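> Let the sequences and hints guide you as you build the complete structure.
Here the protein sequences line up with chains A and B, keeping their order.
Here this note's numbering runs 3 ahead of the position in the first sequence, where the first position is 1.
Here this note's numbering runs 644 ahead of the position in the second sequence, where the first position is 1.
Since the hints were derived computationally from the structure, they do not count as laboratory data.
It is possible that some hints are incorrect.
[What the hints assert, rightly or not] FRET-style restraints, in silico, Cβ to Cβ:
{"hint": "1", "chain 1": "B", "residue 1": "K645", "chain 2": "A", "residue 2": "V91", "range": "43 to 53 Å"}
{"hint": "2", "chain 1": "A", "residue 1": "T85", "chain 2": "B", "residue 2": "K645", "range": "22 to 32 Å"}
{"hint": "3", "chain 1": "B", "residue 1": "I756", "chain 2": "A", "residue 2": "V68", "range": "36 to 46 Å"}
{"hint": "4", "chain 1": "B", "residue 1": "Q653", "chain 2": "A", "residue 2": "T89", "range": "31 to 41 Å"}
{"hint": "5", "chain 1": "A", "residue 1": "N76", "chain 2": "B", "residue 2": "Q725", "range": "33 to 43 Å"}
[Said to hold, decoys possible] Residues of chain B placed beyond 12 Å of chain A at every Cβ, according to the derived structure:
{"hint": "6", "residue": "G660"}
{"hint": "7", "residue": "N662"}
{"hint": "8", "residue": "C663"}
{"hint": "9", "residue": "R678"}
{"hint": "10", "residue": "G748"}
{"hint": "11", "residue": "T749"}
[Claimed, not checked] To be clear about the criterion: a stretch of chain A counts as covered by chain B if any three or more of its residues have a C-beta under 8 Å from a C-beta of chain B, and this derived list gives those stretches:
{"hint": "12", "segment": "39-52"}
{"hint": "13", "segment": "57-69"}
{"hint": "14", "segment": "93-102"}
{"hint": "15", "segment": "105-114"}
Values in this document were obtained by computation on a predicted structure and should not be read as measured data.
Ideal Cβ placement from N, Cα and C applies to all residues, glycine included.
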Amino acid sequence: DAGITQSPRYKITETGRQVTLMCHQTWSHSYMFWYRQDLGHGLRLIYYSAAADITDKGEVPDGYVVSRSKTENFPLTLESATRSQTSVYFCASGQRANEQFFGPGTRLTVL
Amino acid sequence: KNQVEQSPQSLIILEGKNCTLQCNYTVSPFSNLRWYKQDTGRGPVSLTIMTFSENTKSNGRYTATLDADTKQSSLHITASQLSDSASYICVVSAVGGANNLFFGTGTRLTVIP
Chain A
4 DAGITQSPRY KITETGRQVT LMCHQTWSHS YMFWYRQDLG HGLRLIYYSA AADITDKGEV
64 PDGYVVSRSK TENFPLTLES ATRSQTSVYF CASGQRANEQ FFGPGTRLTV L
Chain B
645 KNQVEQSPQS LIILEGKNCT LQCNYTVSPF SNLRWYKQDT GRGPVSLTIM TFSENTKSNG
705 RYTATLDADT KQSSLHITAS QLSDSASYIC VVSAVGGANN LFFGTGTRLT VIP
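What follows is the structure, given as structure tokens:
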């Protein structure tokens with residue numbers, strides 16, 4: 004009963020590098036979400052997906068790319084990492100748009 | 645503008661004491677309100693969810709209240725334990741899709757022995 008998992012849990016990279024954060028859920032939830040959490044801000048939605056092959060932008064999508072070829076996976080790619088993308092990233096899934104079960108998070112540091 | 649404001653930003657209480665956290669929102673049209681607990685280094689976990697017609701919801705020692713008229717919610721923690729040390733996040737959903745969730749910045753609670 005893994006639920007929702009994220010990998011890696013910690014990542015250090017350099018400016019300009021491409022980074023992919025993985026998210027996997029075992030509940031067959033329709034919706035999946037990516038958030039970032041920074042001090043002084045609430046969780047901010049980056050992208051979400053209502054079903055396989057359907058994705059949509061959230062509040063802060065610039066610099067990020069997502070895909071969802073399978074219901075259970077929702078990877079987030081930073082095509083060219085910047086220092087401002089240093090953050091904690093949370094993946095979530097849910098059966099409805101306003102329901103989220105969160106993963107454990109990935110702490111990303113961009114040097 | 646849809647906003648969620650939580651107070652206080654941080655709180656320190658003695659083990660065994662009660663405390664109340666506040667959430668004020670301007671989100672409209674209102675769908676539901678959730679309280680999450682986020683332990684350090686972990687993802688948020690839902691404690692309670694309330695719709696417009698509910699004004700109280702309990703989960704063990706956690707009791708959430710909602711006043712939809714004044715757009716205020718509170719989370720009351722009874723007989724606090726060291727394990728209650730965490731951030732508590734209020735999330736308000738507006739009617740609509742996934743882009744209609746509004747997160748507060750949280751209250752950081754520390755319970756000391």
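> Hint by hint, say whether it matches the structure.
We went through each hint and held it up to the structure:
no., hint, result
1, B/K645 / A/V91: 43 to 53 Å, "violated, 25 Å"
2, A/T85 / B/K645: 22 to 32 Å, "holds, 27 Å"
3, B/I756 / A/V68: 36 to 46 Å, "holds, 44 Å"
4, B/Q653 / A/T89: 31 to 41 Å, "violated, 22 Å"
5, A/N76 / B/Q725: 33 to 43 Å, "holds, 37 Å"
6, G660, "holds, 29 Å"
7, N662, "holds, 26 Å"
8, C663, "holds, 21 Å"
9, R678, "violated, 8 Å"
10, G748, "violated, 6 Å"
11, T749, "violated, 5 Å"
12, 39-52, "holds (count 7)"
13, 57-69, "holds (count 3)"
14, 93-102, "holds (count 4)"
15, 105-114, "holds (count 4)"
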